[in-house]
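Build out the structure end to end from the sequences listed, making use of the hints.
Chain by chain, the residues run as shown.
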Amino acid sequence: MLDVKDRQLLEHIQLGLPVCSRPYLEIGRLCDMPEAEVIDRLTRLKQQGLIKRMGVIVKHRQLGYRANAMTVWNVPDNLVKQLGGHISRFSFVTLCYQRPRQPEWPYNLYCMIHGKDKATVLKQLDQLIDACGLSGFDKEILFSNRCFKQRGAIYQNPTPALADG
Amino acid sequence: MLSPLHKQLLNDYQRDFPLSARPYQDIADALGVTEAEVLSAFTELNDNNFISRIGPVIPPNHIGVSALVAMSVPESQLQAVADKISAYPEVNHNYEREHRLNLWFVVIASDAEHLRAVIDSIERETSYPAMLLPMLDDFFIDLGFKLDLNNA
Numbered sequence: 001m002l003d004v005k006d007r008q009l010l011e012h013i014q015l016g017l018p019v020c021s022r023p024y025l026e027i028g029r030l031c032d033m034p035e036a037e038v039i040d041r042l043t044r045l046k047q048q049g050l051i052k053r054m055g056v057i058v059k060h061r062q063l064g065y066r067a068n069a070m071t072v073w074n075v076p077d078n079l080v081k082q083l084g085g086h087i088s089r090f091s092f093v094t095l096c097y098q099r100p101r102q103p104e105w106p107y108n109l110y111c112m113i114h115g116k117d118k119a120t121v122l123k124q125l126d127q128l129i130d131a132c133g134l135s136g137f138d139k140e141i142l143f144s145n146r147c148f149k150q151r152g153a154i155y156q157n158p159t160p161a162l163a164d165g
Numbered sequence: 166m167l168s169p170l171h172k173q174l175l176n177d178y179q180r181d182f183p184l185s186a187r188p189y190q191d192i193a194d195a196l197g198v199t200e201a202e203v204l205s206a207f208t209e210l211n212d213n214n215f216i217s218r219i220g221p222v223i224p225p226n227h228i229g230v231s232a233l234v235a236m237s238v239p240e241s242q243l244q245a246v247a248d249k250i251s252a253y254p255e256v257n258h259n260y261e262r263e264h265r266l267n268l269w270f271v272v273i274a275s276d277a278e279h280l281r282a283v284i285d286s287i288e289r290e291t292s293y294p295a296m297l298l299p300m301l302d303d304f305f306i307d308l309g310f311k312l313d314l315n316n317a
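Keeping their order, the protein sequence lines are chains P and U.
Numbered per the numbering used here, the first sequence spans residues 1 to 165.
Numbered per the numbering used here, the second sequence spans residues 166 to 317.
There are no misleading hints in this set.
Partial list, derived from the structure: chain U residues whose beta carbon lies under 7 angstroms from chain P: (1) ILE216; (2) PRO224; (3) ALA247; (4) ASP302; (5) PHE304; (6) ALA317.
Simulated from the structure, these hints should not be mistaken for laboratory data.
Since the model is a prediction, treat every value here as computed from it, not as a measurement.
Every residue, glycine too, gets a C-beta built ideally from N, C-alpha and C.
This is the structure:
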């Protein structure tokens, strides 16, 4: 699990590794940790799966991947893990989550596909539906339109304003 | 536009970015260029908004809690409501989607109470109900995304 120092380290590094010769030294200065400890901790967190990957986080849209479909399915709860695992193996899939059903929103399995255009994404989706046996389940496809905000997942502490209000 | 070096950095360093004292030097050695060239190429990728950052991808709900939130907002109000929501530091993504539920955003907070406070505040400020969709299970093993940059 994450200890207090792991959390401090992740809070600083999640904002982005500095682009300079000794970036882990810089991160270490921010959280009062020697460079070697920064590197050791990150290595361990990665081995433990508490960091999924460490590296460049690209902006799909700016790199020509303009179509983005969130597809949601209503699948039996006892199949969700198996289907989710299968969907996640496709290289064009960029997220796959189970979320709880809501009143008037019966979907429990979510997947994200990024592609250069809608036609490509729909073709990939057909491929996915065929390969995973998803054709019998209700689904909706929600293409993205305007992007109002996009940045990597950055974990926040409560702001003073919220804590007060 | 994108140089061969930019393309290599974009595709080859989404995972396994070197965890060493001189990571950019290690990349330079692997690609047969200088550290200065790698540093300036990454600076250009940052400045041109092709990357959001170099950093760790942390599995959801290990630090803090997150939820996807959906709202149905009249088209004439959408930009104004979206701007209000984007102003929250806890909101990471905020997209219009082609659906009756046309505004989708992700809130990340330190704990369940903080998350609830953000959602309540957004509902009060916008006066639209929010459908909260927390993550129950994450099936995705993130290995990065293979970009076809032939025409980029």
